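Asker: As a plain string of letters, each chain reads:
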Amino acid sequence: MTHVVHRPHPHDSGPLHVTGTAPYVDDLPTPANALHACFGLAPVGHATIDTLDLSAVWAAPGVVDVVTAADIPGENNAGPVIHDEPLLADGTILFPGQALFCVFAETRLAARKAARLFTLESTELPALTTVDEAVEAHSFLHGPLVFERGDVSKAIEDADYSSSSRLYIGGQEHFYLEGQGSLALPSADGLHIISSTQHPSEIQDLVAEALNISAAEVTVEVRRMGGAFGGKETQAAPLSIIAALGANRTGRAVRFRLDRDDDFVLTGKRHDFRADIRVGFDASGLIKGVDGILASRCGYGHDLSRAINDRAMFHADNAYFYPALELTSLRAKTHTVSNTAFRGFGGPQGMMLAERLVDKVAAAVHRDPLDVRLANLYNETDRSVTPYGMTIEDNVLPQLMPQLAETSDYRARRAAIIDANASAGRSPVRRGIALTPVRFGISFTTSFLNQAGALINIYKDGSILLNHGGTEMGQGLFVKVAQVAAEVLGVGLDDVKISSTRTDKVPNTSATAASSGSDLNGWAAKLAALELRNRLTAFWCAEQGIDGGLTFAQGRVSTEDGQSWPFAEVVRAAYMGRVSLSATGYYRTPKIDWDAKTGQGRPFLYFAYGAAVSEVEIDTLTGANRVIRADILHDVGRSLNPDIDHGQIEGGFVQGMGWLTMEELVYSARGDVLTHAPSTYKIPCASDRPDVLNIDLFDNANAEDTIFKSKAVGEPPLMLAISVHSALAHAVSSFSPRGRWPDLDAPATAEEILRTIATERTQAL
Amino acid sequence: MSTVLEFFLGGEPQRVEGVEPTTTLLDYLRDDRALTGTKEGCNEGDCGACTVLLGQYDPLGEAVTYRAVNACITLLPAVHRFWVVTVEDLSNGLDSLHPVQEAMVRRHGSQCGFCTPGFVMSLAAMHLDNAPADQAESYIAGNLCRCTGYGPILEAAKDSVAAPKDPAFAAKEHQAVAWFRSLSIDTGLFYDVAQATYDAPVGLKALLQARKDNPEAVLVAGTTELGLWLNKDLQDFPKLISTTRVPEMTAVAFQPDGTLVIGGGATYEQAWPLLRQVIPEGQDWFERFASKQIRQQATIGGNIVNASPIGDGPPVFLALNASVELASVSGTRVLPLSEFFVGYKTTALAADEILTAIHVPPRENDQLFAALKVSKRKDQDISAVMAVFSWRLSEGCFRDVRIAFGGMSATPMLAAFTNAVLEGAPVTEETAQQALASLDDDFSPIDDLRATAWYRMTVSQNLLQQALAEAVETAAEAAA
Ligand SMILES: Cc1cc2nc3c(=O)[nH]c(=O)nc-3n(C[C@@H](O)[C@@H](O)[C@H](O)COP(=O)(O)OP(=O)(O)OC[C@H]3O[C@@H](n4cnc5c(N)ncnc54)[C@H](O)[C@@H]3O)c2cc1C
Ligand code: FES
Ligand code: FES
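Order-wise, the sequence lines are chains G and H.
Counting from 1, one number per residue, gives the positions in the first sequence under the working numbering.
Counting from 1, one number per residue, gives the positions in the second sequence under the working numbering.
Calculated from the structure, these hints are not laboratory results.
No experiment lies behind these values; they were computed from the predicted model shown.
Careful, some of the hints might be misleading.
With a Cα cut of at most 25 Å, we get these calculated SDA-like pairs of lysine to any residue [claimed, not checked]: (1) H/Lys232 to G/Ala60; (2) H/Lys239 to H/Thr250; (3) H/Lys239 to G/Gly62; (4) H/Lys239 to G/Arg116; (5) H/Lys158 to G/Leu693; (6) H/Lys239 to G/Leu117; (7) H/Lys232 to G/Ala669; (8) H/Lys232 to G/Asp53; (9) H/Lys239 to G/Arg108; (10) G/Lys113 to H/Trp229; (11) H/Lys239 to G/Pro61; (12) H/Lys232 to G/Val44; (13) H/Lys158 to G/Leu16; (14) G/Lys113 to H/Glu17; (15) H/Lys158 to G/Pro642; (16) G/Lys460 to G/Gly545; (17) H/Lys345 to H/Asn214; (18) G/Lys113 to H/Gln235; (19) G/Lys505 to G/Asn534; (20) H/Lys232 to G/Ser55; (21) H/Lys345 to G/Ser668; (22) G/Lys497 to H/Asp95; (23) H/Lys232 to G/Ser668; (24) G/Lys113 to H/Phe237; (25) G/Lys113 to H/Pro238; (26) H/Lys239 to G/Ala110; (27) G/Lys113 to H/Lys239; (28) G/Lys113 to H/Ile241; (29) H/Lys232 to G/Thr68; (30) G/Lys113 to H/Val193; (31) G/Lys497 to H/Arg106; (32) H/Lys158 to G/Pro8; (33) H/Lys232 to G/Asp65; (34) G/Lys709 to G/Pro642; (35) H/Lys158 to G/Asp691; (36) H/Lys232 to G/Arg108; (37) H/Lys232 to G/Ala110; (38) G/Lys113 to H/Ala194; (39) H/Lys232 to G/Ala34.
I would like the entire structure built from these sequences, with the hints used as guidance.
Answerer: Spelled out as structure tokens, the structure:
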């Protein structure tokens, strides 16, 4: 029996959050002479820089220093994998809004004002902005990835039916409530950087490279972020590097926080995709072959685009077996901001392809899409191998989906909706419903990243300090890992002190990303705690002459025959007995191996599953829409903390809803992000939440040896919102001729819905 | 006249000199006072992370009333003689949380926690207002959360409205009341720092004189527009004149003939209780105008003078046949609103004039009214199209037709051709068809980031068609 894990515990910072006493980077007290930084942003798109006159910037009140690319002693780079993302433009402007230079001034306002005083002469170069333009021009970051199985042309030709379509899937701005921010503090021992980042170790490396110093001279720390969602995995680096540069040059602390509008313009977003699909199927809706191209807008640089597009491919089947397929992934290089990680990491876009495809098939064979979904699921016998050669061993969807259909009363509600739409008459209201599944692979697909470290110190008074490589962005990682340590050491959760993530405590960490935070760091902490427990056990058994083991629970150390001592007493004795009370834990994920060259292997340790039923309503006069009810059944394994997981599911679902409905990024012809503020880019607000939202956890221990049999939860729930998009298409389909499924793109804004209705009406004529 | 800013903050009276008048309340709290509980999420009034309460004492009712505002677009001099309540004031340390805070913790209302202080303040306002639980969405429409999906926050709202008044907070209110009572009578504010001034006189005459004497000065009211020019365009405003301390400017009252006179400095929230009596059908329009925080700052006068083609107020007042009262030291004139808008963001307001009131004529009993807002998001969004329909059906004909649109042209505008087609025409399907066709003559909307021209026109036609179809049905029923 467990005492601390598998139980609800509130977020460790809850009371601090509600009182405004939880400090974020910009809340920290700084030396009185701290400088403030601000980028000067390119007012043009793709162009060569002829002259950049900064004299007025230098002359502006309060300005202390101004840096351009030439002032960077080491590498002018913020690119994480491929070093193709200049910190400051060097000769060429690669996208509108690119940073040209940086000002350091006495106040933030002085820096912001000065940063606008430059004069730029430039020569405009041709710009590719959209996926369509880039694909047409064969502008790609690198070669395509192709998944092939069988003879797809033949499979589709031989099939009873086939269908082709194109789907555009929009990008998404993270809109973490706390914008990017960093603080660089110089000292005789090196630089101390406090950043709002998911990836402190990478910032440490990039700072060292840019400043030509060693990584050991740079410490990066993060206590908490005000949201990240992937947007602070690589995108936090430029601020920290520049702040470090300023601190190095001036010997003064540098505070750097982006204004929200600059944040929108400068930082990458979720990739937008174009999916072309051809599918062959039989009269029952069984898929015979899928031929598709997934093309994405990566922007001007690599960032994480390779892995993101790989993951789109890994999930382009979602839960379904494609007997034959040819799927090509194109990574379009454009003159726009470099797109980046965002919760789901390409997976959601891949899944959109799969779900659109089954909806098309179901419409064509006149069946309930749920039946077509169930018929095409992976099974454990002849339909269990993915296009990349991994055998699925833990599929629970054949049980989970019918269970959700039952509890949500899906079938009766669908029948009622179809009737109501048919008899709607002059009423402008139509409804739609859909049940869609999620199967999301857990592990970094870049295999070497699947490692983590933890450090646990027990002090003489029995108190415990926990440190690990994971970062807290609101997801509840810290409380979960603390639960693990408390469980193993048999103490209360309050006895484990949580501390900030620091590269000088646990080195060489991976980003907190890919939903892997508690899987990796939980295990590392468990190993560290086990090591300490073993040392204490060995010492105490020897000391007391105990045969057999000890149990650690509820703050006490006990023998099988009922003798027991307070934990703190055993600890103090161990100290006196010269036992080391500090231990590191190191974990690496077993079993995984993925070969990007052959496109084959086991990229994931396991899969997280879930499904959602969404019911929507659209107003056919304006296209306005809302989600009336959603029912979710989600598999988090044996939950480490059911309340935290519940919060991740709800938050992920609503964020996914926003992506697929109202969050529309609009670009100018030369690639400026026009929707660069919350006044024009709309994320869901409270009234957009479904009127009814039922969330249940699916009872299912992880088949793999994960931390206390739990499953990752950060990303998968976002994709449950695909049910909303499918339900909207269902509502629109009430205008379609029989057998047709509308080509509703994402985001399904009011305008997109109205436009699609107009198309369907003409199709019906 | 005071030359020093006086307000109550952190349990103590404050007297501030030397802080520039264009400093926002948010920057003052965070940078000057290290009160970092209040967050900056956008610096433009859209996210609510900076929400604080402004407490004001009503000596007649002997009570403090509170309004939640966005500190990021509130200028520091605007809090003169207010109690500024920040998240730091709600609790006495971590062990004695305010009921709202306690509910937020219990319900898992915070994940990353960055939006949380703002939500806590909006919920505290709701708690202090004794608002019913079903108003929670309205109270937090101006607060964005990217983590939680809002469910836990709505639950916390429900829990906390049921909670009794917090004794610890009541004690602080008590201190504030003592301070309010100690204030001498308001004789206006003239706040002057390093050649930048903020002039907030208390009399209308003084206001008009200041306007005349300082042609280069910029007039401010709720600063929900000006805040963005300051924070985003980084404009300098060396001279500001505020309308907010002039009682005549904020008055809202019916005249004996039934005309509603809304002071040119009245906020949307101040005007609504009486305006609602004229247009109860406008409830949805009102609630979807920005957020509660903004509505408690934004003035109708500012919304009209701003003359934005996508403002939500102007089409409504055009359809209501409202007039604007424009005053200067040399006199007052009243102009039909339709003549006030002369071009893209330009108006008939003379350099020395101030919009002192909006006159809304009494409404006919049988006058139909509908104000339909179309935007990407339901709450706190700017319209793609704002369609307002007003007419009477009399003896089978359309009468007093005033259809107005926002988002369809360079200024908010009456649909002149369409109105002419309908005026006096029989309420029939044919008339409706003609009217719909004439919308094309009235408007050629543009493509922008909110909507395409196609969408704007299509939605306008759809909404008008639906309204006319209902009219035809009503007329047919009346005839039968
Ligand atoms: C987050 C946010 C959401 C918003 N949502 C909406 C919305 O949904 N719909 C909508 O229509 N608008 C919306 N707005 C804009 C709206 O708040 C403003 O138009 C507001 O009504 C302006 O009033 P104010 O008192 O704040 O003006 P201020 O910013 O104080 O002044 C604006 C301008 O009006 C002038 N002015 C003000 N009062 C007078 C007067 N009495 N006489 C002469 N000139 C005057 C000033 O000189 C200045 O040029 C929103 C704004 C924000 C920040
Ligand atoms: S900071 Fe976003 S509303 Fe003020
Ligand atoms: S808790 Fe993170 S934005 Fe609300």
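Asker: Take the hints in turn and mark each one as holding or not.
Answerer: We went through each hint and held it up to the structure:
no., hint, in the structure
1, H/Lys232 to G/Ala60, "18 Å, holds"
2, H/Lys239 to H/Thr250, "22 Å, holds"
3, H/Lys239 to G/Gly62, "22 Å, holds"
4, H/Lys239 to G/Arg116, "23 Å, holds"
5, H/Lys158 to G/Leu693, "16 Å, holds"
6, H/Lys239 to G/Leu117, "23 Å, holds"
7, H/Lys232 to G/Ala669, "23 Å, holds"
8, H/Lys232 to G/Asp53, "23 Å, holds"
9, H/Lys239 to G/Arg108, "22 Å, holds"
10, G/Lys113 to H/Trp229, "13 Å, holds"
11, H/Lys239 to G/Pro61, "20 Å, holds"
12, H/Lys232 to G/Val44, "19 Å, holds"
13, H/Lys158 to G/Leu16, "21 Å, holds"
14, G/Lys113 to H/Glu17, "24 Å, holds"
15, H/Lys158 to G/Pro642, "22 Å, holds"
16, G/Lys460 to G/Gly545, "23 Å, holds"
17, H/Lys345 to H/Asn214, "22 Å, holds"
18, G/Lys113 to H/Gln235, "9 Å, holds"
19, G/Lys505 to G/Asn534, "22 Å, holds"
20, H/Lys232 to G/Ser55, "23 Å, holds"
21, H/Lys345 to G/Ser668, "23 Å, holds"
22, G/Lys497 to H/Asp95, "18 Å, holds"
23, H/Lys232 to G/Ser668, "20 Å, holds"
24, G/Lys113 to H/Phe237, "14 Å, holds"
25, G/Lys113 to H/Pro238, "16 Å, holds"
26, H/Lys239 to G/Ala110, "20 Å, holds"
27, G/Lys113 to H/Lys239, "19 Å, holds"
28, G/Lys113 to H/Ile241, "24 Å, holds"
29, H/Lys232 to G/Thr68, "24 Å, holds"
30, G/Lys113 to H/Val193, "20 Å, holds"
31, G/Lys497 to H/Arg106, "21 Å, holds"
32, H/Lys158 to G/Pro8, "21 Å, holds"
33, H/Lys232 to G/Asp65, "23 Å, holds"
34, G/Lys709 to G/Pro642, "13 Å, holds"
35, H/Lys158 to G/Asp691, "15 Å, holds"
36, H/Lys232 to G/Arg108, "13 Å, holds"
37, H/Lys232 to G/Ala110, "13 Å, holds"
38, G/Lys113 to H/Ala194, "18 Å, holds"
39, H/Lys232 to G/Ala34, "23 Å, holds"
The structure meets every hint from the earlier list without exception.
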